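Fit chain B to the given chain A structure using the hints.
Here the protein sequences line up with chains A and B, keeping their order. Just so we're aligned: 72 in numbering that gives the first Met the number 0 is position 73 of the first sequence, and the numbers increase by one with no gaps anywhere. Just so we're aligned: 284 in numbering that gives the first Met the number 0 is position 285 of the second sequence, and the numbers increase by one with no gaps anywhere.
Calculated from the structure, these hints are not laboratory results. It should be emphasised that the depicted structure is a prediction, and the values quoted were computed from it without experimental measurement.
In silico DSBU-like links for lysine-lysine, alpha-carbon gap of 35 Å or less:
#1 A:Lys46 x B:Lys85
#2 A:Lys247 x A:Lys69
#3 A:Lys140 x A:Lys88
#4 B:Lys278 x B:Lys190
#5 A:Lys88 x A:Lys69
#6 B:Lys237 x A:Lys88
#7 B:Lys85 x A:Lys69
#8 A:Lys140 x B:Lys237
#9 B:Lys85 x A:Lys140
#10 A:Lys247 x B:Lys237
Covered stretches of chain B (chain A as the covering partner; in silico rule of three or more C-beta atoms under 8 Å from a C-beta of chain A):
#11 3–10
#12 76–85
#13 152–159
#14 312–319
C-beta: ideal position from N, C-alpha, C; glycine also.
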Amino acid sequence: MRQQNTSDTNYISARRSFLKKLGAAVGTATVASALPTTARTAVSKQKVQYGMVIDTRRCIGCHACTIACKAEYDVPLGSNRSWVEYVEKGDYPNVSRNYLPRLCNHCSTPNCVSVCPTGATYRREEDGIVAVDPEICIGCKYCIQACPYDARFSNPVTGVADKCDFCVHRVSEGLAPACVETCIGGARIFGDLNDSGSEISRMMATNPVSVLRREQGTQPNVFYIAADHSDERNRGTNQYVRVTTHRKYEERR
Amino acid sequence: MTNELNWGIPVIAYLFLAGVGAGALTVSSSVLLRGGGGKFGGGHFDVARYGAYLAPIPVIIGCGLLVFELGSFEAGHWFKWLNMYKVINLSPMSIGTWLLTMFIAVSLVYAYTFWSRDAGPGDRHDTLRRAAAWIGVPLGIGVAIYTGVLLGAMPSRPFWNSPILALLFLLSSLSTGVAAIMLARSVLYKKKLDTASENHYRESGYILTASDVLLIGLEMTVIFLFLMFAHLTVGDVKHAVSVILGGDMATMFWLWVVLIGLLIPALVEFFFIIPRLLKHREFEVPRGMELIMPVAVLVGGFMLRYVVVVVGQVTGPVGI
Chain A
0 MRQQNTSDTN
10 YISARRSFLK
20 KLGAAVGTAT
30 VASALPTTAR
40 TAVSKQKVQY
50 GMVIDTRRCI
60 GCHACTIACK
70 AEYDVPLGSN
80 RSWVEYVEKG
90 DYPNVSRNYL
100 PRLCNHCSTP
110 NCVSVCPTGA
120 TYRREEDGIV
130 AVDPEICIGC
140 KYCIQACPYD
150 ARFSNPVTGV
160 ADKCDFCVHR
170 VSEGLAPACV
180 ETCIGGARIF
190 GDLNDSGSEI
200 SRMMATNPVS
210 VLRREQGTQP
220 NVFYIAADHS
230 DERNRGTNQY
240 VRVTTHRKYE
250 ERR
Chain B
0 MTNELNWGIP
10 VIAYLFLAGV
20 GAGALTVSSS
30 VLLRGGGGKF
40 GGGHFDVARY
50 GAYLAPIPVI
60 IGCGLLVFEL
70 GSFEAGHWFK
80 WLNMYKVINL
90 SPMSIGTWLL
100 TMFIAVSLVY
110 AYTFWSRDAG
120 PGDRHDTLRR
130 AAAWIGVPLG
140 IGVAIYTGVL
150 LGAMPSRPFW
160 NSPILALLFL
170 LSSLSTGVAA
180 IMLARSVLYK
190 KKLDTASENH
200 YRESGYILTA
210 SDVLLIGLEM
220 TVIFLFLMFA
230 HLTVGDVKHA
240 VSVILGGDMA
250 TMFWLWVVLI
260 GLLIPALVEF
270 FFIIPRLLKH
280 REFEVPRGME
290 LIMPVAVLVG
300 GFMLRYVVVV
310 VGQVTGPVGI
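Isolated chain A (complex conformation) (with noise of 0.2 Å):
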C-alpha cells in the first residue's frame, strides 16, 4: 500500500511536470502565434507608410495620368511607369469596360528588392517607398522579372531599372505625385496609411478595397475600391473578357 503510495505520488508529481510543461508550451505557441502581431506592430512602428487608393468608379481612362507620369520624368518612348488598362467583358447587352491604372504597388515585402544584387533597388524605411539608385543599379534585369506586377522597365537611355517612386522628389516637398494633382476625376488618393485621419486612411475604412495579385505575397501598398480583376486568361469562365493594356505589351504579364 505505502509502495503504491509512493507511485501514486510518483504518479501526480509527474502529471503535474507534464501539465506545467505543457502550460509552457502553450505558453511559447501564444508568444508564437502572436509574433505576427508583434511584427505588424514593428511594422507600424515605422513613421510613414504611403500608399495610393486607387477609387475605379471615378476614373474614366483620360490616360491623363499617363501622360504627367511621361511629362514629369521623359520617360523614353514604349515604356511606362503608370499606365490605365482597359477591361471589357460581357456578351451584348449585359457589358462593360472598367478602367485599371496601374503602378508600381511599393510592396511592404517587395521580391525585387529580395533578388537585387547591388541593393540599388531598397525600400526607403522612412516613408515605404521602394525605389532604385541609378548610380548602382547595373540594368541585370533580375527585378524586372521577380515583379509580379510587372511596373518595371529598363530604361534604354540610362541602361538601368525603372519605375514609378511615388514621385519621391514631389512627395518628399509635401506635393501630390504627379498622377494624383493630374486626376480629373479625384480617383487616385495618395497619403499616409499609418495616419488613420489622413483620407487615404479613411477612404481604406469606409470603402471596400482589394490589392492586385494578392496571392503573391508582396503586401502592396496600393489599393483598390471596385477593381475589376477579370482577365483575359482566366480559364474556366465563358465569359468574353478583352483586356487592352495601352502598353508595348498587349498581353498582362
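Same frame as chain A, now just chain B:
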C-alpha cells in the same frame, strides 16, 4: 507570344556555358580524386586533363556574355557591373557572382597544373592540383545549382519557381560536362602506339559514356516529375507548363530537348555500353558515334536552357 523577352540569347547561352564549365570541372576533379588504377588521376588522367582545360573557357565566355547583356553596358557604362563586387547580399545573383568569380580563379589554377607536357600523377604540381580539385567539386556543383536557383527565386514566374529546377540544371550541367569531355577527347583522338594506352582510352570512354547514360536517366526522371506535378496542379503552374506540354513551345521541347537531347543519346550510349556492362566484352564505339552523341547531348542542354528561359518569361501569374 507578343511579349518582349528581358533575358534573351546571351543569358540562355550563359546558363548553358556555365553549366558545361561547372560540369566539366566537377567531373574532372572527381575523376582525378577518385583515381582509378594508380595514383591521383591514374589511368584516367587524360580525362581529368580534358575537363580541366574545358572548365574555365565556357564559364569565362558565359560571364562575358552576361556583362554585354547588362542594361548599363549597353548604355555605355562599361565598368558599372563592378558594382556587383561592392556588396554581398542574399540575392541569388549576388551569391552567384562570388561563386563564379571563385570558380574562374580555381578552375584557372586547376588548368594551370595540367599545363606542362609531361604532367602526370605525382609531378611537382600534384599537391596544388589535388587541392584545386577538392575545392573544384563543391564549387562546380555550386555553380551548376546556382543557375537553377537564380531562376527559381521568383514567385512571379511560375514556370521557374520550383525547387526541382535547380536539380534539373545540376544534372544537365554534369551530363553536358561529360559530353564536352567526350567530344574533346574524340576530336583530339590519335591512334595510340601500344595496346595498353589504347585500352586505357577505351576504358575511360566506357566510364564517361556509362556516367552520361546514368545522368541522362536521372535528368529524364526529374523532367518527368516536373511535368507530372505541373500537370496535376491547378492555376499558374499548370497554365505555364501547358506551353511546353502542347502549346507554342511543345515542338521545341519534345523534339529538341527530350528526343534529340536526352532519349536518342541515352539509347545509343546504352546500346554501346551493354556488351561491356553485362558480358564484359570490349567497349567499342564507332568514331562517328563518339562525335555525334556528345554533340546531341550538348544541343539538348542548350535547348533545355532555351525552352526554360523563354517559357518562364512568356508565362506569369494568371489573373490580376
